[in-house]
Every structure is written in structure tokens, then in C-alpha cells.
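Trainee: Each chain, letter by letter, is given below.
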Amino acid sequence: QKEVEQNSGPLSVPEGAIASLNCTYSDRVSQSFFWYRQYSGKSPELIMSIYSNGDKEDGRFTAQLNKASQYVSLLIRDSQPSDSATYLCAVKTLGAQKLVFGQGTRLTINP
Amino acid sequence: DVKVTQSSRYLVKRTGEKVFLECVQDMDHENMFWYRQDPGLGLRLIYFSYDVKMKEKGDIPEGYSVSREKKERFSLILESASTNQTSMYLCASSFGGDGYTFGSGTRLTVV
Chain A
1 QKEVEQNSGP
11 LSVPEGAIAS
21 LNCTYSDRVS
31 QSFFWYRQYS
41 GKSPELIMSI
51 YSNGDKEDGR
61 FTAQLNKASQ
71 YVSLLIRDSQ
81 PSDSATYLCA
91 VKTLGAQKLV
101 FGQGTRLTIN
111 P
Chain B
1001 DVKVTQSSRY
1011 LVKRTGEKVF
1021 LECVQDMDHE
1031 NMFWYRQDPG
1041 LGLRLIYFSY
1051 DVKMKEKGDI
1061 PEGYSVSREK
1071 KERFSLILES
1081 ASTNQTSMYL
1091 CASSFGGDGY
1101 TFGSGTRLTV
1111 V
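Heads up: the sequence lines are chains A and B, in that order. Our numbering numbers the first residue of the first sequence as 1 and each following residue consecutively. Our numbering numbers the first residue of the second sequence as 1001 and each following residue consecutively.
Do not take every clue at face value.
Said to hold, decoys possible - Selected chain B positions facing chain A (in silico; Cβ < 10 Å):
| no. | residue |
| --- | --- |
| 1 | Gln1006 |
| 2 | Ser1007 |
| 3 | Ser1008 |
| 4 | Phe1020 |
| 5 | Tyr1035 |
| 6 | Leu1043 |
| 7 | Val1052 |
| 8 | Gly1058 |
| 9 | Tyr1064 |
| 10 | Asp1098 |
| 11 | Phe1102 |
| 12 | Gly1103 |
| 13 | Arg1107 |
I should point out that these hints are in silico values taken from the structure, not numbers from a laboratory. Where is the CB? At the ideal position from N, CA and C, for every residue including glycine.
Could you build the full structure based on these sequences and the hints that come with them?
Mentor: Here it is, written out as C-alpha cells:
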């Protein structure tokens, strides 16, 4: 079993709709969770971090964490074509310096 | 904002050459990382460092070495470049439990 799993997609969403990206992780002592956005040919950019159960909102983005289910998600409201990118989920365990990344989900927003 | 600077955006080298990839960060981060990213394989950790002169092997260290003589600089060395090392190389830095900040990447082609 992979440590961090994401559906590779592609996930296709119409413009203006809500895009929902999901990530599961296997290590129960994971404590920090991050979402990165990566445009084609560019490097990953940190867009959200979440550390405790529940929802965290930042503009059109909401990260949701459920540690009991070992599940973290990213919702993008009012999706725009500029949101088309690969989204990487990353997890950090207690005491570790490095992140463990999922393979990423490719998201396409259709005008 | 933290800035992570990679010395070259694109690099073409010949098989057997010794290649140096340089990475500099400007926010006194203790942790620095080198990844390579290939289509379908995701981000793979080559080496990381959590302090000056300290280094730890990642998942794919073979054929690579690193140097961290100063806190702000982390160099990746390809001892004898081979065509299977053609890839996008990404440097990142972090502080404590925070997420990474990535550099813009170096696309290396070995011919």
C-alpha cells in the first residue's frame, strides 16, 4: 500500500463548479498535511496546509482533514480555467523532516 | 517570501560528465531537499539535509551525491551523468513542521 494515495485523474470539472480532490494516507502518526498546485512545466506551489481535524478555508480553497479516517481533501469553489493543474497531496509525520507526496491528481476545468 | 533559487533552468550535459546543480535559499531554513520528477513516477527524494554538513539518503541516491557547506546552499552532484538521469530536478527547503518551498526547477538533459 502506498503511503499517500491520490486518484491520478484526469478529473474534469466545468467552470464555476466545485472541484473535489481526495487523498488518503496510511501512517496514523501523520500530523501535518499540505496541498500543492503544479502547473505543467513548473515547480509545485504550496496552496494549503492543515494540521487539525475539520475544515480550513482560504479564499476559494477549503482543506478538510479527518484523522480518524486518514483522509484529507481539497475543495475548489467556483472553479476557473486557471485552476487546471496537477494537485499534490503531501503528509508529514511527527518528528520527520521530509514530506511524503502522493502521485498527484490532474485537474482540468472546462470553460 | 522565502526564495529558493536554482542556478540553471535548463541544462544539457554529455554522458560521463560531472554535473553540479546548485540551490540557494534565503530564509535560514534548516532543511533542504533534492527531488527528481519524471512523468508517471511522481516526486522522488534523492537526498536531504537537516543541518550544515549533514546529509541523509532519500529513496534514489544511487549515482548522486550532495554537499552542504553553508546553511543556505545545497548542491546536488551527478558523479558521472547518464541518460537515465535526464529529468526535472527540484530543490526545496523548509523550517520545522512547515511545508516545503520549491525552487523553479532545473530541467537536465543528458545526451
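Trainee: Taking the hints in turn, state whether each one holds.
Mentor: Now for the hints, and whether the structure bears them out:
no.: 1; hint: Gln1006; verdict: 9 Å, holds
no.: 2; hint: Ser1007; verdict: 14 Å, violated
no.: 3; hint: Ser1008; verdict: 14 Å, violated
no.: 4; hint: Phe1020; verdict: 19 Å, violated
no.: 5; hint: Tyr1035; verdict: 9 Å, holds
no.: 6; hint: Leu1043; verdict: 5 Å, holds
no.: 7; hint: Val1052; verdict: 14 Å, violated
no.: 8; hint: Gly1058; verdict: 8 Å, holds
no.: 9; hint: Tyr1064; verdict: 16 Å, violated
no.: 10; hint: Asp1098; verdict: 8 Å, holds
no.: 11; hint: Phe1102; verdict: 4 Å, holds
no.: 12; hint: Gly1103; verdict: 6 Å, holds
no.: 13; hint: Arg1107; verdict: 8 Å, holds
Consistency with the previously given hints fails for numbers 2, 3, 4, 7, 9, ordered from lowest to highest.
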